[in-house]
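Asker: Quick note, the sequences are listed as chains A and B, same order.
Residue numbering for the first sequence is 1 to 180, as defined by UniProt numbering.
Residue numbering for the second sequence is 1 to 329, as defined by UniProt numbering.
There's no promise every hint is true.
Below 20 Å or equal to it, Euclidean Cα-Cα: the simulated EDC-like pairs (lysine to aspartate or glutamate) are [to be verified]:
#1 B:189 <-> B:124
#2 B:189 <-> A:84
#3 A:46 <-> A:84
#4 B:189 <-> B:211
#5 B:39 <-> B:5
#6 B:39 <-> A:26
#7 A:46 <-> A:26
#8 B:39 <-> B:124
#9 B:189 <-> B:173
#10 B:189 <-> B:177
#11 B:39 <-> A:79
#12 B:39 <-> A:84
By construction, these hints were calculated from the structure, which means they are not laboratory data.
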Amino acid sequence: MPWIEADESVPLTLSVNGVSHHLDVDARVTLLDALREHLQLTGTKKGCDHGQCGACTVLVNGRRINSCLSLAVMHRADEITTIEGLGTPDALHPLQAAFVETDGFQCGYCTSGQICSAIGMLDEWRAGWPSHAGAGAGPARTIDAAEIRERMSGNLCRCAAYPRIVEAITRYAAGEGAEA
Amino acid sequence: MIAFDYIRPGDAAEALQAAAERPGARFIAGGTNLLDLMKLGIERPRHLVDIGGLDLRTVSETPDGGLRIGALVSNAELAAHPLVRDRYPVLSQAILAGASGQLRNKATTGGNLLQRTRCYYFYDPASPCNKREPGSGCAALGGFNRIMAILGTSAHCIASHPSDMAVAMRALDARVETRLPEGTTGDRKLDTLYRLPGTTPHIEHTLAPGELITAVLLPPPVPGRHHYRKVRDRASYAFALVSVAAVVAVEDGRITQAALAFGGIGTMPWRDRAAEELLVGATPGQDLFERCADAVLARAQGHGGNDFKIPLLRRTLVACLTDLTEDAR
Ligand SMILES: Cc1cc2nc3c(=O)[nH]c(=O)nc-3n(C[C@H](O)[C@H](O)[C@H](O)COP(=O)(O)OP(=O)(O)OC[C@H]3O[C@@H](n4cnc5c(N)ncnc54)[C@H](O)[C@@H]3O)c2cc1C
Ligand code: FES
Ligand code: FES
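Pulled out of the complex, with its shape left as it was, chain A reads as follows (with noise of 0.2 Å):
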């Protein structure tokens, strides 16, 4: 691939939730505007545009990551998954409905990125990876509340639904969802 000058656009293809999209964008645009405000998924929410607070994460092949920090042309080669790919207002997700169950958010700006991560978070879990909190966990069915925090730590909540958040995600990992 040659260089793409700096007053070009970048003609790129998206994979996101299993469609592919084709985007003409600035090289500047980062993955997480490139969601919301070309492909007008805005599930993903923006709270700081610097990696602070996890509002933006999203899944590129299974792992989460911040959106706002990675530039929508670095990602041709991947699959992005959003909260739109996770369930929808009929058919939620497990982990949404559990967050619905135990009122875990109160305005809900953090909780798209709260779920993104969970998932990542427990898929992490369950290939045995290490955290602070453990530092040396391995493969689990179920996961301690301490360890959630931890590993959710990336994800701030500005209303503090923070033992909500932990209920949500504990209940969905104690049930069938999370062995899927």
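Go by the hints and put chain B with the ligands onto chain A.
Answerer: Frame of chain A; chain B with the ligands shown alone:
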């Protein structure tokens, strides 16, 4: 963010050629530090070489029994790698004590080493900062300097180095493997990757323009217990106020091996070999650990807001050494 030309080469040779072609070009790996700073106009590269497509994502054993870590291995993968957890646990612990799950998935080994300071004045284009704008002055010296360094500072800059990973790598005697535009390779100790601020705080490392980090090399593991202890303002997702990476072995009541490195206190990931030598051969105990802290802190200088780091580092080091040697005494 200013506009930039962009290229995503398929291999290292192409990346080196691209960077050499356009002077001032910068590599972008995870982007979690560079993009943050570009959005604020603090970093203003005109040419970006995206190295995300390069084949530098493997961790492998070296013939001498050490470890070769590709520059693009993510911080998360590295911390979870079985060989790292088993043989170099201090490295896994240090990485897991930093940033967040999302950031560690994106952040890379090379990018982590070269991340820039979190000094508030460096981050604020309205303030003077010799690192951001050489010759403009240092607002941290007379300003809020709670997070700044107490060692390795100069009259021109007191910004601390923020990496946790690099602190553990210094304790482990890591080396940095590079490739240069001319096609040659470089190999240097991590100790010599960083530069003290002196009169040129904007020059932070010894890499040549266009020099690409390809891997970090760890020597074979040394026997001993490992521990990374980090003190910060909240329990998770915060940079270190002070941190200690320690690998210590005790045999027959005497310390036989000690490697100590420090985060949060230095203008670069800090190591003090004189303090280590003091430990080797001696019987572990409070007195000895206090003398070790004296040695580390001999030249420490507070700037008002960060004076507390001097006693905090002392206590953290003594606690860490006590933990590591307790049942061996
Ligand atoms: C909110 C927040 C909290 C954080 N908390 C912590 C923390 O607690 N502890 C901690 O240690 N870190 C923390 N970080 C920093 C994080 O670890 C770094 O941003 C990350 O490691 C940088 O890696 P990257 O691959 O994204 O680098 P990039 O942003 O891609 O690059 C950083 C620099 O390295 C250069 N570079 C990258 N790769 C190479 C290469 N192979 N060869 C030559 N040059 C290269 C780039 O040109 C650039 O100058 C935090 C970051 C954020 C945003
Ligand atoms: S918007 Fe990306 S982390 Fe806050
Ligand atoms: S519910 Fe309001 S920010 Fe979390």
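Asker: Against this structure, judge whether each hint is valid.
Answerer: Verification of the hints:
no. : hint            : verdict
1   : B:189 <-> B:124 : violated, 33 Å
2   : B:189 <-> A:84  : violated, 47 Å
3   : A:46 <-> A:84   : holds, 15 Å
4   : B:189 <-> B:211 : holds, 15 Å
5   : B:39 <-> B:5    : holds, 16 Å
6   : B:39 <-> A:26   : holds, 14 Å
7   : A:46 <-> A:26   : holds, 19 Å
8   : B:39 <-> B:124  : holds, 12 Å
9   : B:189 <-> B:173 : holds, 7 Å
10  : B:189 <-> B:177 : holds, 9 Å
11  : B:39 <-> A:79   : violated, 25 Å
12  : B:39 <-> A:84   : violated, 27 Å
Consistency note: the structure conflicts with the earlier hints numbered 1, 2, 11, 12.
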